[in-house]
Amino acid sequence: MIGTEVNMAVLRGPEGHSIESVRLATLELGIRVGDDNLLSNTDIRLYKALAHATLKGPEYLSTNPSFLVSVALSPTLEAETDFNAWYEEEHIDLLSQVPGWQACRRFSLVDFESTVNSVSPPRYLALHAYKDLDGFTTPQFKAATNTPWRTKVMKEIVASERYVYRLQG
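Using our numbering, the letters of the sequence shown map in sequence onto residues 2 to 170.
Just so you know, the hints here were simulated from the structure itself, not pulled from any lab data.
Do not take every clue at face value.
[To be verified] 27 Å max Cα-Cα, derived DSSO-like pairs, lysine-lysine:
| # | residue 1 | residue 2 |
| --- | --- | --- |
| 1 | Lys156 | Lys49 |
| 2 | Lys49 | Lys132 |
| 3 | Lys156 | Lys143 |
| 4 | Lys132 | Lys143 |
| 5 | Lys143 | Lys153 |
[As the list claims (entries may be wrong)] Pair by pair, the computed Cβ-Cβ distance ranges are:
| # | residue 1 | residue 2 | range |
| --- | --- | --- | --- |
| 6 | Thr64 | Val159 | 32 to 40 Å |
| 7 | Asn85 | Ala144 | 33 to 41 Å |
| 8 | Glu162 | Glu89 | 15 to 23 Å |
| 9 | Tyr166 | Thr138 | 27 to 35 Å |
The structure displayed is predicted, hence computed values, not measured ones.
Every residue gets a Cβ at the ideal spot worked out from N, C-alpha and C, and that includes glycine.
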């Protein structure tokens, strides 16, 4: 099915893929479903993985995540090094202590094309897998999102997006 191929192309990363290849696959999907306007409202982004996924532990992978939290941020260029250090050295470690958190994978923007937005999307994307969302009200989550380093870093964020997806199946 072409829809799955499009999604997998984005998940695999930029190796051998480009905005053009995703656009062509999307256009083919539009032709197959009979929607000539499929590309009229598109926001295509290609991200590459920054490092291996950070996992809580093998025992947590036996249960598929129920939720995916997507956090996309752009720090100022001057704050980029500090932003990445904070995310890797403090933030992921603290989030891993939140009940229900299972894994995180970080990405950086390679290319994008949008017919709906003239502004560049955030340069960094983090995908967090959660078993449930109950942990968002815990002291551990509050601790992970209220540190002096985080406060300093967030003052330098110039673009942000956050979405929560419920995974089914």
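Hints, one by one, checked against the model:
no.	hint	verdict
1	Lys156 / Lys49	holds (25 Å)
2	Lys49 / Lys132	holds (25 Å)
3	Lys156 / Lys143	holds (18 Å)
4	Lys132 / Lys143	holds (18 Å)
5	Lys143 / Lys153	holds (16 Å)
6	Thr64 / Val159: 32 to 40 Å	holds (37 Å)
7	Asn85 / Ala144: 33 to 41 Å	violated (21 Å)
8	Glu162 / Glu89: 15 to 23 Å	holds (20 Å)
9	Tyr166 / Thr138: 27 to 35 Å	violated (19 Å)
Violated hints for the displayed structure, listed by number in ascending order: 7, 9.
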